[in-house]
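Those protein sequences? They're chains F, E, D and Z, same order as listed. Quick note on numbering: the working numbering labels position 9 of the first sequence as 18, and the sequence is numbered without any gaps. Quick note on numbering: the working numbering labels position 145 of the second sequence as 215, and the sequence is numbered without any gaps. Quick note on numbering: the working numbering labels position 146 of the third sequence as 1152, and the sequence is numbered without any gaps. Quick note on numbering: the working numbering labels position 459 of the fourth sequence as 543, and the sequence is numbered without any gaps.
Take these hints with a grain of salt, some might be off.
[As the list claims (entries may be wrong)] Mimicking PhoX-like on lysine-lysine, the simulated pairs with C-alpha atoms at most 25 Å apart in a straight line are:
id, chain 1, residue 1, chain 2, residue 2
1, F, Lys109, F, Lys96
2, F, Lys109, E, Lys521
3, E, Lys521, F, Lys106
4, E, Lys521, E, Lys438
5, F, Lys106, F, Lys96
Worth flagging that the hints you see were computed from the coordinates, not collected in a lab.
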Amino acid sequence: MNLVIVLLIIGLLMIVAGCWCLMRTFHLLKMTIGIEVAMKAVTLFLVLAGRISGKIALSETFVITVMVAEVIVAVVGTGTAVGLFRKYGSMDVRNLKQLKG
Amino acid sequence: MTILSICAHGFIYGPILVVLIYNLFNHEFARKHFFWFAGTGAVWQILAAIGGFTALNQNGQTSYAFGAFWDIRLAGAAFFELNATRFLLLLIVGLVALISVLVAHQTVDFNRSSYTNLLMILVLGMNGMLLVTDLFSLYVFLEVTGLCCFIMIAMFRSRADLEGSFKYLILSELSGIFILTAIAFLMMKTGSLRYADLAGLGQRISAGSGQLEDLLVYAALILLISGFAIKTGVVPFHSWLPDAYQSADTAVSILLSGAVNKVAGVYGLMIVMQLFGDVAPVGPSLAAVGIISIIIGALLAVRQPQYKRVVAYSSVSQMGYILLALSTGTTLGLVAALAHILSHTAFKSTLFTNAAALQEQTGTLELKDLGGLENQMPVTAFTSIIAFLSTAGIPPTAGFWSKILIILALWQAGSPVLAGVALVAGILSSAYLIRLQRTVFFGQTRPELAKVREVRGSVLTAEVLLTVITLGLGLLYPYILLLLHAGGIL
Amino acid sequence: MNVIVYLGAGLMLLFGVYAVMEHSILRAAIGLALSSASLSVLLYVLGAHLAALFELSVCSGLVTVIFIAGISLSHSPKMEIQKEYRDKERNRLLPLVLIGVGLLLVILALTLNLQTPELAQLTQDDDVRDVLWGNRQADIWGQIALILCGGVAVAVLFREERREKK
Amino acid sequence: MLAILILLPVAAGCFLWLARRHYVISQLGGLLFALLNLAAALRLYQGGQFSVILPVTVPGFSLTLRADQVAELFLLFAAAMVPLLLIYSIGFVRDKKWGGLYLLYLCLSIAMVNGALLSDDLGLLLFFWEGLLGTLFGMLLLRNRENPRAAVKALTVSGLADLILMLGIAASVYSAHTTLMSGMQQLPVTGVGALGCAALLMGALGKAGCMPFHAWIPLAAEDAPTPFLAAFPGSLEKILGIYLAARVVTELYAVKPGSAVSVTVMIFGAATILLAGAMALAQTDLKRLLAYSAVSQVGYMVLGLGSGLAVGVAGAVFHLFNHVLYKTGLFMTAGAVEAAAGTTDLRQLGGLRHRLPLTTGSVVIFSLAITGFPGLNGFYSKELVFDAALEVNVIFYLAALLGAVITAIYILKMLHSVFWGQPAAAEINADQRQGAQNQPAAAAVNPAADQLPTARQAKVTGRQGEAWALAIPQLLLALACVGFAVGESPVVDGLIGQAFNLQERFGGFPKSAALVIISCLALALAGADHLYGWRRETAASRATDHLTGLPGLRQLYVAAQRGCFDLYVWLTAGVRAFSRLCQWIENGVTWFYDIGVPRTIMGAGNWLSALDNGSLARYLALAIVGMLAVGLIFILML
């Protein structure tokens, strides 16, 4: 049980929490937040990988790029959620059942 | 500057240049003439793909490495690389973009300038995915591709558009998390994410070594396959796909089915297969996903109430075929997958273009409201039948040859059972397509559709162009088979 | 150093779980920001200084701003309107699940008794900027595309709806 | 040269069709063509054998024409028949609407026969063979477009024979590894070879009209014009069928006397002689009688060929030549009778010897020839066949002998009732009524289209007496009969023996005096029987009634009436049963496709669509389950 394993476990728990958020909450923005939570864990994994393999600078560049992507995802997610709010007057994901087989 | 270098840089600079120039003009002008800008971008992509490939062949090279604005000779510098496979996929991207523009010319109305910008960024994202030589860069461009798609679906802002977009976004981000986690796990073992450094990793790890990193590599492979499978839209990762395809404007649906899920999904799996094909469970998991996808996708397609939804589920089913071909890991399998990607692009784009024509002329795509349009819309009906033949794999068309290749590849790789199932599942594809044809084009013309006329202009052009490609490929494939035979692959 | 790492990781998880469980969307956004801040501390301690700076400014700053903008655009800055979501949410189970999964992972790690890698020594040889501009040019190209994308997204998605399609 | 023999008839056909309105021109042109054709065949016969490959490529076949001695002999004989057939036909179809087309078809048929005789490649042979079937169908259609029962029957029955031939060709090509007949020499009759040999023989003899492929001929005798009967069942088809059968027996396959194939074929031959002869006994129509007689005579050839003996082959081929001469002649006389009297019903005819002296003269010769009266050509060939049959088994000999008796009986009846005696006017009305009852369909359809022109024809020709164009060919044929009788040994040994490379000599008066005496006794028996029947019934046309009323034979006629010996009836019944079976299968398949499969698929689709219920949580769960499943595969395989 060294530091690496502890950090890995904590990261995995964060991802589980993020997925839980995606599946079990009904608020559109909250789902976007869930994505961000999972992304935090991924950022941690990347830096940890850089430390383990001795390429911390490389992993830092990865983290920076991921952050940019993360922000854009947040923007698009929020924008779509707001658009849906304008249509439905609510942010409940259970409204999204118009499209089905 | 050689032709090859111009073409290669064109893939990177072309779309950006179009975006920059396009936004220099005032809004009204840009809105009015979006067709020419986006069309130029798409045509340029096609020309660059063909010209570049020709130049590459003339030089006798198999691949060509280059950097966009940097010198790749510096130690550790990133670089882009072109080879035959990538040229083919780049050509497909260009072709699909062109078809999309042709359709958008009639279907997209109030947000044409956004459409143009996003189309070009999407093309850039896909070009990037195809050109990079590093797994992380692949992820970055994958994210670009995905984000463009979400916005393109959502920008029409009906309830369905936003809903489809949001579902796609959530599932896509899940795949992004999977892929990034996998990247981090891989990096723990190798410290580098270049394809060259990752290749052969399967030989260096073993499940029984007792090392954490080795186990994490296997976990990474699971996550990579799942992540790209979500992007491909194969059962059981497929659920977003019909919703997104159905809700999006048809011009965008064409992009999604024709290029995005092939470049973002199948190409990713292709890379996985290339780098980690020697890890025992990778091929079988792809095959399992593929075969489930073929059958369940077709079964689901049979009962869908809406034209584009049927076609979307058909896409799920066809992606299964491509995965099945990839799962063999042989050269023939790769060729078969590429062939089917090409055929699928042609016939699926035709079906979506027909959807655009129907939507434009009748105003609906619900199957219960359509019927007997054969006489009113002869060209659409005919092209749709050709596409149907190609989907079901019936001889004079492209789909027949690529399906034959897939079955041959499976047979050669020693899985005759899968080959048999793939063959029999073809009947299911005919089932849903016959239903589609019968409901939409044959039978009694509904009185409210009596005044419907054939679509005109660019959509008609797109339909005819795609049908010519489908039939032309059908004639060309035997020649390709001969080449393969001569090359000892078949 | 290890203490700060454990602390930072623990706080990150805690704030993350809080963000997931909190019924108020505003507080959830703030929880996310705090989680992000904890992560930036963690990153700093692990030696990724520039990444830590970005995490603090971009993720805990910009992302929170975006969410708050979204919340205000949906006219629900207060917590009381969340009743409709609260009804069926079973988020109270989450800590239990997490503890279960965590225990499972710990037991797995202990029984497998794997050889785990250690953290490598920090070297000052390669600078982040050198790597970013010298080795990761392709990513920069991707970032340009991402930012363009974001720009279009803001322009398209947050626009007031005057010319609606349907 | 070889191609000329095929192209010339085509050209002639076109010419005759164009010149259909000018009787003299077409008569002269036909004569010219026929003589040219004869000259070409003669030239070919003298020139020895040679072959030519057609400049047409069909994958798998080399289209080769080859003229060897056998082909040349048959070709020459066919070419000798052509002038007679043509002159007679042109004379007969004068002023008929369908005359031009009829002549065109006839010439095309001649081209087909020439082609089939000359082709060395079995594929090419099949082409000409089927072409002949096509022209035959066209000719049968000419007069009865609305009611093409004879045409359809001919097409079905001959088509079946041709299918069997095709099977035989396929099997032969398979076992010989070549499509060329010149490449097949004495193939062994075992395994595939036996199938090939049997099927080839069946097909060839079916073309010649052997039972059970004869069924269309009597029907055609009712519906088709008389020249057609003379040309097709009378001569051309028989030449072709016997040609191929002779080839198969002597060249392609090593058929041993007494082998299974040989005995089977001989049984068919004997059955044909007896059954068709018995059927001929009961006929009251001149043309039908002759048609059955033609079928019956084929039996002798089949018997001879099937024996596989040299004497049998020589007898069969010689009998073929003789048969073609006298049976064509008989059909021509029937045509002349029809033209003169307007009917061919034996019961209405009588005493025509005064009106048609030339015809009567020739018909006497033909009749003597067909009954095998000693000294005429039919006698010699029959004795050869008797020899061969006796050598194999005495039963075959007895069957052939009985056949000869029957032949003599019905020929006597025919001769007596048509040319001697008086027309039985009183019976006409009764019989017509009866006929109308018996064959309502034929009576209902035909009279308007058919009987009026014939009646008019009768008036016209009746005034003129005998038409020269109809009489001359008969006389020539009669002369040929006599000629063949006189020059019997050069024909048998010189022409046939040389063509087939027979070692022994069979010409001259039969060596076995016992057989000759038995044959003469048989003829005498027939004469006695006729006298008995005539006295008993007081009408020549009913002189056979005491025979046809015999127990056993009567049942035979009842069975024949019901179509028990009619391959066409078997076929249609079989087809009907098969179609019913197909209907069942079809219903099952329809159910399977219309209800079974869609229900299964739709059910599965409905059940599966619970997967995609639009709920995002479900989508995510599915994706994560999918990831876990992939993980499971990894865990299982590592």
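Verification of the supplied hints:
1. Restraint check for F:Lys109 and F:Lys96: satisfied, since their Cα atoms lie roughly 19 Å apart, inside the 25 Å limit.
2. For a cut-off of 25 Å, the pair hint linking F:Lys109 to E:Lys521 is broken: about 31 Å separates their Cα positions.
3. Simply put, E:Lys521 and F:Lys106 have alpha-carbon atoms about 34 Å apart, too far for the 25 Å limit, and the pair is violated.
4. For the given pair, E:Lys521 sits about 18 Å from E:Lys438 by alpha-carbon distance, which is consistent with the 25 Å threshold.
5. At most 25 Å may separate the alpha-carbon atoms for a hinted pair to count; F:Lys106 and F:Lys96 meet this at roughly 14 Å.
In this structure, the hints that do not hold are numbers 2, 3, in rising order.
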